[in-house]
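2 protein chains.
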Amino acid sequence: MASETEEALDPRVVRTRRDVVRATGELLVEDGWDAVTHAAVARRAGYAKATVYAHWPTRLDLVEAAVELICDEADHPAATGDLRADLRAALADFADDLTHGHLDRLLAGVVEHANEGDVVARLRTRLYETGTAGMRAVLAAHVARRDVEPALALLTGSVLVLVTFEGRRVDAAVLDDLVERVLASTTPAGSADG
Amino acid sequence: MASETEEALDPRVVRTRRDVVRATGELLVEDGWDAVTHAAVARRAGYAKATVYAHWPTRLDLVEAAVELICDEADHPAATGDLRADLRAALADFADDLTHGHLDRLLAGVVEHANEGDVVARLRTRLYETGTAGMRAVLAAHVARRDVEPALALLTGSVLVLVTFEGRRVDAAVLDDLVERVLASTTPAGSADG
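These protein sequence lines map, in sequence, to chains A and B.
For what it's worth, this note's numbering labels the leading residue of the first sequence as 1, then goes sequentially.
For what it's worth, this note's numbering labels the leading residue of the second sequence as 1001, then goes sequentially.
Source of the hints: derived by calculation from the structure; they are not laboratory data.
It is possible that some hints are incorrect.
[What the hints assert, rightly or not] Partial selection, computed: residues in chain A whose CB lies under 8 Å from chain B:
1. D31
2. A108
3. R124
4. T156
5. G157
6. L178
[What the hints assert, rightly or not] Reference excerpt, derived from the structure (chain A facing chain B, CB under 10 Å, subset only):
7. E30
8. W33
9. D104
10. R105
11. V111
12. L152
13. L154
14. V159
15. T164
16. F165
17. E166
18. R181
19. L183
20. A184
21. T186
All of these numbers come straight from a predicted model, not from anything done at the bench.
Every residue, glycine too, gets a C-beta built ideally from N, C-alpha and C.
Use the sequences and the hints to build the structure in full.
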């Protein structure tokens, strides 16, 4: 796409793209995948429907651009070096993303639409990895390499089901309990049997 | 609804309902919530669209009836009394429901459509409780009461993220590892500090 690079230099095009992708992301997290239509995006962003179609011919193109932007802009709490404090902060951040950031709806969208092809599978991986990157980094710094993946699945999975399927508020006491349970079966990074 | 009871006695009505609800369930697990339209359901079940509208005026009515039927018909492996064997069997059954039974898509559907009201919230609870009932029963029989809920969240959550978001095949070795990690922080049912 030769024109892509030229167009990208035009500040009006850059602004249009940013506005449209941001409007798409808002629709996606507020009302889900099905709310993302060219008409709804154009209305919300304040551009003509034809403009939206010109840059993103399909709904999946719109969803893809919005998910990429959401992931690009995601941030995580800074690590302090204290394993338990950092894990709790990363888990609390993940729980907050699920509820207030509507990560639960974004993840559900890519699972519901999984049979629409490779792009959706890639978005699913991108969302999951972005949402769990903070926790993975903390674990990698403190526990044996063989413990990282199971501990990550246990921590993220338990918070996901408590928040999303049981509708539970995961306060500090719940998070601390989960962290202690998971750490009970890990060995420190660099230990003889790590 | 007086007519509901009378109608239910008519075997033709019973058959129509069963056919339509089953067709709806097939559409739901194969293609997701959005595939459930009155037209698609009527076509698949072999009835007139007006018949479908007469019994289930909205798409949510159709989805609700299908999810209830799927949950009513769910079965779980029989418990043997061996904690580890029963937990592994229950987890393997849950993983199989996620992949082959498309429980992942059903769960994703209710999360994506969560802002459509109380019926969806009830279906979410029904699906999650049905999918995890086997594991909950095994845990309740063997571990201290205070350990049941966290252990359930850790086990179901970890399998959910491994299967649904990481696309991992959870074989016996993976399940055994998760079971041992979770049991490491539980105390047996009936013990002094349970």
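Original post:
Are A/F165 and chain B close enough, Cβ to Cβ, to be under 10 Å, as the hint says?
Top reply: 4 Å, holds
Subject >> Interface hint compliance - A/T164 to chain B, C-beta minimum distance less than 10 Å >> reply: 6 Å, holds
Subject >> Interface hint compliance - A/D104 to chain B, C-beta minimum distance less than 10 Å >> reply: This interface hint holds because 5 Å falls under the 10 Å limit.
Subject >> Interface hint status, A/R124 versus chain B (Cβ within 8 Å) >> reply: Check passed: Cβ of A/R124 comes within 6 Å of chain B, closer than 8 Å.
**OP:** Tell me if A/T186 is really an interface residue toward chain B, meaning its C-beta lies closer than 10 Å to one of theirs.
**Re:** 8 Å, holds
Original post:
With a cut-off of 10 Å, does the beta carbon of A/R181 approach a beta carbon of chain B closely enough for the hint to hold?
Top reply: Constraint on A/R181 satisfied, holds at 4 Å.
Original post:
Are A/E30 and chain B close enough, Cβ to Cβ, to be under 10 Å, as the hint says?
Top reply: Hint on A/E30: holds, closest Cβ of chain B at ~8 Å, below 10 Å.
Subject >> Status of the A/A184 interface restraint (C-beta, 10 Å, chain B) >> reply: 4 Å, holds
Subject >> When the least beta-carbon distance from A/R105 to chain B is tested against 10 Å, hint result >> reply: 6 Å, holds
**OP:** For the hint on A/T156, just tell me whether its beta-carbon gets within less than 8 Å of chain B.
**Re:** 6 Å, holds
Subject >> Hint status (Cβ of A/A108 to nearest Cβ of chain B, threshold 8 Å) >> reply: 4 Å, holds
Original post:
Per the CB criterion, is A/G157 less than 8 Å away from chain B?
Top reply: Holds: closest Cβ of chain B sits about 3 Å from A/G157, inside 8 Å.
The structure is consistent with each of the numbered hints, conforming to all of them.
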